[in-house]
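Asks: Residue-level listing of the chains:
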Amino acid sequence: MEQIAAASGTSSLTWLLIALPLLGAGVLLLGGRRTDRWGHLLGVATVLGSFGVALALWLNMLSKPGEERAVRQFLFTWLDLGRFQVDVAFQLDQLSMAFVLLITGVGALIHIYSIGYMHGDAGRRRFFGYLNLFVASMLLLVLADSYALLYIGWEGVGLASYLLIGYYQTRDTAGPAAKKAFVVNRVGDIGMAVAIMVMFAAFGSVTFQGVFEAAPEASSGILNAIGFALLLAACGKSAQFPLQSWLLDAMEGPTPVSALIHAATMVTAGIYLIARSNPIFNLAPEAQMAVIVVGLITLIIGGIIASAKDDIKKALAGSTMSQIGYMTLAVGLGPTGYVYGIALLLAHGFFKAGLFLGAGSVMHGMNDQVNMRRFGGLRAVMMITSATFGLAYLAIIGIPPFAGFFTKDLVIESALARNPIIGAVAIVGAGITAFYMSRIFFMTFIGGKRWTDDVHPHESPATMTVPMVVLAFGSVFGGYLLMSNDRLERWLEPVTGYVKPKPDLEPIVITLITLVFVLIGVAIAVVMYLRRPVPEAAPSKVSVLTYAARRDLFGDAFNEAVFMRPGQWLTRSLVWFDNRVIDGAVNGLAASLGGLSGRSRRIQTGYVRSYALAMLVGAVLLILSLLLVRL
Amino acid sequence: MNPINYIYLSAVLFSIGAFGVLFRRNAIVVFMCIELMLNASNLAFVSFARINGTLDGQVVAFFVMVVAAAEVVIGLAIIMSIFSVRRSASIDDANLLRS
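Same order as they appear, the protein sequences are chains A and B.
Anchor point for the first sequence: position 484 equals 484 in the working numbering, and the numbering is continuous, going up by one each time.
Anchor point for the second sequence: position 2 equals 633 in the working numbering, and the numbering is continuous, going up by one each time.
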């Protein structure tokens with residue numbers, strides 16, 4: 001790998017990408033109440049500014065040939081400890097650029113939307129401060145040139161998500177949800193830390209360039225160890241099995257946060273990490289296989305959970321889990337999949353943000369209700385929301401020519417090229433996606449009105465609908481713009497490599513099979529939720545699968561039984577050991593010394609005569625012993 | 632007279648002194664008994680000097696006298712001040728330092 005060119009000219013603006021939202025977060029969080037009046041405007045302006053810088057950098061990048069597009073901007077040396085050196089330096093290449101555009105673009109739209117959504121909320125300025133912090137951390141994550149610096153962004157994202165999920169401080173459920181997200185993420189972070197340590201021990205470097213240059217000479221054991229550790233980290237951030245449980249509870253946060261977490265930041269970090277570490281994963285087939293398996297499991301369980309939830313946000317959360325599963329699967333496939341994983345991620349950014357903002361708009365009109373069984377027929381009163389939501393819905397289930405069709409189809413194609421079973425699971429997953437998304441759409445916007453008496457649904461203000469319209473455009477045309485003419489393949493090829501997948505079937509056949517499954521999914525939803533009336537209370541006589549899916553497939557119960565209970569038991573036994581054995585030994589020694597002292601204290605009677613007697617006896621004994629010795 | 636008899640006298644005097652120290656309560660009497668023991672030892676030193684024909688024992692006897700004089704000064708002062716505080720010269724009453 002040749003040296004990456006130093007940033008110059010336009011590309012030396014890279015640092016501004018992070019500095020702007022960070023400045024916004026600093027001003028808003030430290031400025032206190034005096035920034036209340038214009039805080040939200042500053043929050044939007046910084047992210048928009050970042051987006052502008054990103055566009056300029058992108059245009060600048062487009063004007064160069066593929067190999068010269070990557071630049072590295074060195075700011076300063078942060079740590080210099082012997083062999084361990086960490087620079088604060090940013091690496092802007094095609095992969096980072098794609099993420100930066102997604103984060104700042106979709107992020108800016110969500111910021112604008114939040115002006116309307118959080119209108120009237122007392123903590124709106126604080127909310128925008130957190131949002132800016134979130135965006136800044138995520139940008140740091142994708143721009144870092146070393147794993148160590150990436151780790152800072154990684155933790156920053158975790159912190160910001162914790163603050164935002166627990167934003168409604170007065171709700172009892174928000175605090176535990178935020179804590180859960182933080183703790184589960186922390187389990188994944190262990191993987192990240194271990195990976196960094198192994199890299200430093202094995203390669204003596206933690207920069208991307210240093211690690212990737214040294215990787216081909218490393219033993220497969222080390223590469224697999226790093227691969228598995230990175231996979232654990234990715235599972236935590238991207239809510240993949242077995243660390244998926246936090247994502248559903250994360251819906252406690254305000255809806256724009258959900259949109260930001262699910263579309264632009266946070267859950268995409270794991271995909272970025274694996275795609276970025278492609279030189280390691282390409283050399284570690286076992287770890288790569290594990291990535292595929294994790295992706296497959298998650299895409300199925302996410303779909304099953306999403307199919308049973310009545311809470312619109314939780315159903316969408318399950319769908320995110322499932323879609324991220326697709327991306328994980330794609331990046332696990334190696335050079336045939338990296339590009340498609342990123343493509344799905346970018347397209348998903350559009351339609352999932354559109355779906356969540358649509359859900360937020362529905363909640364805005366329905367007094368913050370989330371139960372889809374009390375929605376229905378909202379199409380008539382929320383024209384724009386239902387139209388944008390509908391377009392995003394068509395995009396996510398992969399109806400041509402919307403965004404999801406172009407991207408998900410290619411993931412399925414490369415999965416089939418790898419192994420028919422993997423491809424089959426992915427196709428079934430597409431059918432499940434079609435079912436649960438149709439269910440959400442039908443229950444919310446179509447059918448009879450099942451509203452509670454006190455709601456008067458209305459369309460949301462323009463600050464909310466305009467971002468939704470923009471995202472709907474992305475959902476419609478994004479896929480074509482990204483994938484036509486192999487545009488994204490050629491764009492990402494210098495970073496992630498690209499090999500065209502060669503499935504046994506013709507691509508058009510695969511597309512038709514997938515479409516058949518999608519249509520079956522939609523048809524089942526039509527029969528269940530359009531032809532029959534939707535009961536207002538959730539049916540209690542349900543199949544075992546539905547029962548399990550309503551409880552997140554017992555993910556929480558599993559965690560509780562396998563991790564929490566033994567953990568508590570271990571803690572208790574450690575406390576017992578500490579109290580009884582360690583403290584016991586120390587306290588016992590002290591007590592026995594004290595007892596001994598108490599006994600020997602009695603010798604001190606205070607009577608001079610007894611001391612005199614003791615001296616006399618002592619003197620006599622001394623003399624006697626002297627005499628005896630002389631004899 | 633055989634000088635050994637002075638040794639016997641010295642032993643008797645020392646025993647009387649020790650007995651008094653152990654069994655009397657009055658501080659003044661105890662004090663006098665201590666003096667008696669000191670002088671018994673002085674007598675023993677001088678007798679041994681005489682028996683051995685050297686001056687060592689006599690020199691030591693002078694030292695003991697000096698020490699005894701100093702002790703009397705300080706000891707009587709202590710007894711006086713204890714008496715003025717406690718209105719008692721019994722050494723068993725001065726037992727504040729017991730455990």
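Worth flagging that the hints you see were computed from the coordinates, not collected in a lab.
The structure displayed is predicted, hence computed values, not measured ones.
Treat the hints loosely; a few may be bogus.
[Said to hold, decoys possible] Which chain A residues face chain B? A few, computed with CB under 7 Å, are given here:
(1) Ser205
(2) Ala462
(3) Thr571
(4) Arg572
(5) Tyr607
(6) Val608
(7) Ala612
(8) Leu613
[Claimed, not checked] Quick partial rundown of chain B residues pointing at chain A, CB under 7 Å, derived from the structure:
(9) Val652
(10) Leu653
(11) Arg681
(12) Asp724
(13) Asn726
(14) Leu728
[Stated by the list, open to error] Beyond 10 Å from chain A on every Cβ pair, some chain B residues (computed):
(15) Ala649
(16) Leu686
(17) Ile722
Glycine included, every Cβ here is placed at the ideal spot set by N, Cα and C.
Asks: Could you run down the list of hints and mark each one as holding or not?
Replies: Okay, the hints, checked on the actual structure:
no.: 1; hint: Ser205; result: 70 Å, violated
no.: 2; hint: Ala462; result: 89 Å, violated
no.: 3; hint: Thr571; result: 45 Å, violated
no.: 4; hint: Arg572; result: 43 Å, violated
no.: 5; hint: Tyr607; result: 6 Å, holds
no.: 6; hint: Val608; result: 5 Å, holds
no.: 7; hint: Ala612; result: 5 Å, holds
no.: 8; hint: Leu613; result: 6 Å, holds
no.: 9; hint: Val652; result: 5 Å, holds
no.: 10; hint: Leu653; result: 6 Å, holds
no.: 11; hint: Arg681; result: 22 Å, violated
no.: 12; hint: Asp724; result: 10 Å, violated
no.: 13; hint: Asn726; result: 3 Å, holds
no.: 14; hint: Leu728; result: 5 Å, holds
no.: 15; hint: Ala649; result: 6 Å, violated
no.: 16; hint: Leu686; result: 25 Å, holds
no.: 17; hint: Ile722; result: 5 Å, violated
Violated hints for the displayed structure, listed by number in ascending order: 1, 2, 3, 4, 11, 12, 15 and 17.
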